[in-house]
Amino acid sequence: VTDVTLSEIVSRLGGVLKGDGSTRVHRIGTLALAKKGEITFLTHPRYQAQLALSKASAVILSPEMADQCPVASIATPQPYLYFARLAQWLEPPRLIPSGIHPSATVESAIPATVSVGPSVWIGPGCVIGEGVRLMANCSIGPGAMIGADSFLHPGVTIYPGCQVGQRALIHSGAIVGSDGFGFAKSEDGSWLKIPQMGGVRIGADVEIGAGTTIDRGAIEDTVIEEGVKLDNQIQVGHNVHIGAHTAIAGCVGIAGSARIGRRCTVGGGAVVLGHIEISDDVHISAGTLIAKSISRPGTYAGTIPALERQAWLKNFAHLRHLDDMADKIRALERRLSQLEKKP
Amino acid sequence: VTDVTLSEIVSRLGGVLKGDGSTRVHRIGTLALAKKGEITFLTHPRYQAQLALSKASAVILSPEMADQCPVASIATPQPYLYFARLAQWLEPPRLIPSGIHPSATVESAIPATVSVGPSVWIGPGCVIGEGVRLMANCSIGPGAMIGADSFLHPGVTIYPGCQVGQRALIHSGAIVGSDGFGFAKSEDGSWLKIPQMGGVRIGADVEIGAGTTIDRGAIEDTVIEEGVKLDNQIQVGHNVHIGAHTAIAGCVGIAGSARIGRRCTVGGGAVVLGHIEISDDVHISAGTLIAKSISRPGTYAGTIPALERQAWLKNFAHLRHLDDMADKIRALERRLSQLEKKP
Amino acid sequence: VTDVTLSEIVSRLGGVLKGDGSTRVHRIGTLALAKKGEITFLTHPRYQAQLALSKASAVILSPEMADQCPVASIATPQPYLYFARLAQWLEPPRLIPSGIHPSATVESAIPATVSVGPSVWIGPGCVIGEGVRLMANCSIGPGAMIGADSFLHPGVTIYPGCQVGQRALIHSGAIVGSDGFGFAKSEDGSWLKIPQMGGVRIGADVEIGAGTTIDRGAIEDTVIEEGVKLDNQIQVGHNVHIGAHTAIAGCVGIAGSARIGRRCTVGGGAVVLGHIEISDDVHISAGTLIAKSISRPGTYAGTIPALERQAWLKNFAHLRHLDDMADKIRALERRLSQLEKKP
Chain L
31 VTDVTLSEIV SRLGGVLKGD GSTRVHRIGT LALAKKGEIT FLTHPRYQAQ
81 LALSKASAVI LSPEMADQCP VASIATPQPY LYFARLAQWL EPPRLIPSGI
131 HPSATVESAI PATVSVGPSV WIGPGCVIGE GVRLMANCSI GPGAMIGADS
181 FLHPGVTIYP GCQVGQRALI HSGAIVGSDG FGFAKSEDGS WLKIPQMGGV
231 RIGADVEIGA GTTIDRGAIE DTVIEEGVKL DNQIQVGHNV HIGAHTAIAG
281 CVGIAGSARI GRRCTVGGGA VVLGHIEISD DVHISAGTLI AKSISRPGTY
331 AGTIPALERQ AWLKNFAHLR HLDDMADKIR ALERRLSQLE KKP
Chain U
31 VTDVTLSEIV SRLGGVLKGD GSTRVHRIGT LALAKKGEIT FLTHPRYQAQ
81 LALSKASAVI LSPEMADQCP VASIATPQPY LYFARLAQWL EPPRLIPSGI
131 HPSATVESAI PATVSVGPSV WIGPGCVIGE GVRLMANCSI GPGAMIGADS
181 FLHPGVTIYP GCQVGQRALI HSGAIVGSDG FGFAKSEDGS WLKIPQMGGV
231 RIGADVEIGA GTTIDRGAIE DTVIEEGVKL DNQIQVGHNV HIGAHTAIAG
281 CVGIAGSARI GRRCTVGGGA VVLGHIEISD DVHISAGTLI AKSISRPGTY
331 AGTIPALERQ AWLKNFAHLR HLDDMADKIR ALERRLSQLE KKP
Chain C
31 VTDVTLSEIV SRLGGVLKGD GSTRVHRIGT LALAKKGEIT FLTHPRYQAQ
81 LALSKASAVI LSPEMADQCP VASIATPQPY LYFARLAQWL EPPRLIPSGI
131 HPSATVESAI PATVSVGPSV WIGPGCVIGE GVRLMANCSI GPGAMIGADS
181 FLHPGVTIYP GCQVGQRALI HSGAIVGSDG FGFAKSEDGS WLKIPQMGGV
231 RIGADVEIGA GTTIDRGAIE DTVIEEGVKL DNQIQVGHNV HIGAHTAIAG
281 CVGIAGSARI GRRCTVGGGA VVLGHIEISD DVHISAGTLI AKSISRPGTY
331 AGTIPALERQ AWLKNFAHLR HLDDMADKIR ALERRLSQLE KKP
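Protein chains in written order, with my numbering: chain L, 31 to 373; chain U, 31 to 373; chain C, 31 to 373.
Careful, some of the hints might be misleading.
Note that identical chains are pooled: a pair holds if it fits in a single copy or bridges any two copies.
[Unchecked claim] Okay, derived cross-link-like pairs now, SDA-like style, lysine to any residue, Cα gap no bigger than 20 Å in a straight line:
| id | residue 1 | residue 2 |
| --- | --- | --- |
| 1 | Lys223 | Leu120 |
| 2 | Lys344 | Asp354 |
| 3 | Lys215 | Thr295 |
| 4 | Lys48 | Pro100 |
| 5 | Lys223 | Gly44 |
| 6 | Lys85 | Gly51 |
| 7 | Lys358 | Thr143 |
Bear in mind the hints are in silico, worked out from the structure with no lab data behind them.
Make a model of the complete structure from these sequences and hints.
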């Protein structure tokens, strides 16, 4: 797709067009910076002030905003979703030709529709689906399975026997199937390794961010259900179970055997301790540590404010003495009650 | 090993057998899910209720549990350690044949017992021990040393001159010897790099998790003593010293020149600031920030509870005003004392 | 450089020499461990006690310390900066010969002065500057640009179309240009990917640590200005903007569209939430979560003390009840005022 008219967009994706349907756009821009020939979108009232100044050729927005738009508009109840669909149409993924690069090492039979990039290694006994793309320097261990139409960016590692579902999108440096962290303390104080005998099972339509690591299970498998979206540098411990369509932001750590429900969201840098259960539709704020199971849907937070350093020193020092403070309040209450009883 | 009898297990690993010694098991299962032909273990009273329902062929447990076991059992004072030993026997590591893959680039002389996988690079001047396994896409810089029988999963990088001890197990994406973060501010506000001239020395029997990074020292070396176990995505700054048999969970950050003692444990996501000294046998809870040295063995924590969002807003806003709160309490105490002195 | 005299050092780098200018040194050591033939430095009064015991051949120090130095000294107002310059001179970066390794795959025209290591992939349409060094197993996507004299350690990935400035130093496992985390929720609860159409633009003289990930922009570019220094395992979200000469320590997470000013420093493990703006010359303490924009230069903190576990349990439990505590104080104040009004 090089450029399209607004009429073509509306006939394909719906929405109510206001303005000249023959206007052509070739690119999506931001509300603040889009120029003529670009289409943009307004999703949050916070940016409403930018609308009047927009130099875009058209704006995707919610119906109640259409009147305030100085240029052509497409009204839809969910402008962000509409933008996503339009962007997928205007910016289709890069086409990677099929075939095995001569520098790759392929020890399994693979379909002719697969693309295997430079210096990729595919061990023996793997099952690689139709249309899979493995970019440079990926390593696929023996017996691994990768579902059809999956795309692995350069430098992804899949450990032996792990299973990735269809249409996976896995970013560079992601690692699936490393050993869980399991050791028994022996009599002399050294650690004896527990062989990690389980695998990793990943459902369809999962995205895994750059540098994210997913450990294999100790005995049973680690499980990531369909539609889960994992951002960069997330650590998923052994035997974790993540429910369908849960989205987790960058730098989150999930300790072993934690179970996260469906349609949850976890903010960046949060930590979920091991053996915890989080029910469906739970939303955890960035930077929050979850130390107890959560059984009710809702939003949970546990972060503290950043203060200018002097204010921080003065206020946070009291954290070591909260119990004293509570004692003092109780003592005051007792003494005051005594006084109040006096005639 | 394909399958073994309970008698064979007890004769090799000890423990008190109760039940039919000729019972055969071929796999370890979890207490909840193990089936006939599988052996499982009970290590925590929390799971005791599952014992009565277990369908396993045998259970490893502590002597006082043996009477409550509905199937055959092996009693031992440390069931988890026993399980670890049994698992190591039943699930020996995959055998990787020796030899250099034709796509590898090997610029050092290496023993014939070494296995060098596809697209591995070994620079000049390296010393690679007997039986080392280097899986696909590993990069070993000039002058690095890797001790005998070490296993490097795909995509590990060892920087020039770094030393890894015997029997290391290093997971994919781990990086040993990257530059420490050292800069001097120059007069114009830009940063002048301090060349990182030290190396990394790692003792025997160390495991390093996926995506973990260990920086080389600025002048002296960064040191990881024998038996240390590092989980995934840990950052070890320059000149850190980690004592023998210390175990550190995922996503921990250890800043430069911190010194952690022997037999410590550090929970996931904890942060240890630079130039701090932590004595032997210290245990740090997950998510805790250590900003001061710790000189006494014990368990240390510094995390805060996650609350439902409304409760969080209501309670944590006071953190900015703890000092005011303390002032108010003191003022109340003074006023009350005045009143109490009245006749 | 193998060894130099103190006179040669002073004539090249300045400073006031005290002692024998013909003394030769060949290496930099630490104040505590430096031996004869080594030069060391004293930068912090904390280490002053070590000065009297130093066995180094010479010490770099500030003028007011020169009298207390038992060996030769070079006095300069900024000993650490002087040490950095001396170290750069004594320890020049390793020379890597130019040329393309036969196992590399190079699909772009590159200058003869470039070094391309084993199993490196350079896609089509790339622009690689003079003198660039790409160590083993790096992957450079189609259309990427890498400025002259940049050095990429083994296993770095640059995504398609991203731009790296001159003299970049990028450590192993770093990833530039992975997709930002952008999804729209569709009617059935699944997530629809927002194609990440922007790129990454990195200025000159930037260092990127091991395992650090920098996402490409959603529509506009992610921008890292000149002279920025990023430590290991930092996550930079899409459309983040980091101002010139800002230095960020390990394990920091910066969420999408955050804007960090010039000459800032961010301590290890800190988290900066999305769409936040931090002005120039702001310093953020390690482990601090920044949830609101900061418009004034200064130092900001938001961390809590680690306590021995029992003290932690006793004190931090009150955090759930701070609002009750504040209520109780107000009630006490009211009751006390009542009493005080009594005759």
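Here is how each hint holds up against the structure:
In the homo-oligomer, the alpha carbons of Lys223 and Leu120 lie at most 20 Å apart only across protomers (13 Å), although the nearest pairing inside one protomer, at 51 Å, exceeds that limit. Proximity of Lys344 to Asp354 under the C-alpha cut-off of 20 Å is found in both arrangements, the shortest distances being 17 Å within a copy and 10 Å between copies. Within a single copy, Lys215 and Thr295 get their C-alpha atoms only as close as 36 Å, which misses the 20 Å cut-off; across copies the closest is 12 Å, which meets it. Within a single copy, Lys48 and Pro100 get their C-alpha atoms as close as 11 Å, which meets the 20 Å cut-off; across copies the closest is 74 Å, which misses it.
For the homomeric pair Lys223 and Gly44, the shortest alpha-carbon distance between copies (19 Å) is at most 20 Å, but the shortest distance inside one copy (58 Å) is not. Taking the shortest Cα distances, Lys85 and Gly51 sit within 20 Å of each other inside one copy (17 Å), while across copies they are farther apart (68 Å). Proximity of Lys358 to Thr143 under the C-alpha cut-off of 20 Å is found in neither arrangement, the shortest distances being 74 Å within a copy and 71 Å between copies.
Hint violations for this structure: number 7 only, all remaining hints satisfied.
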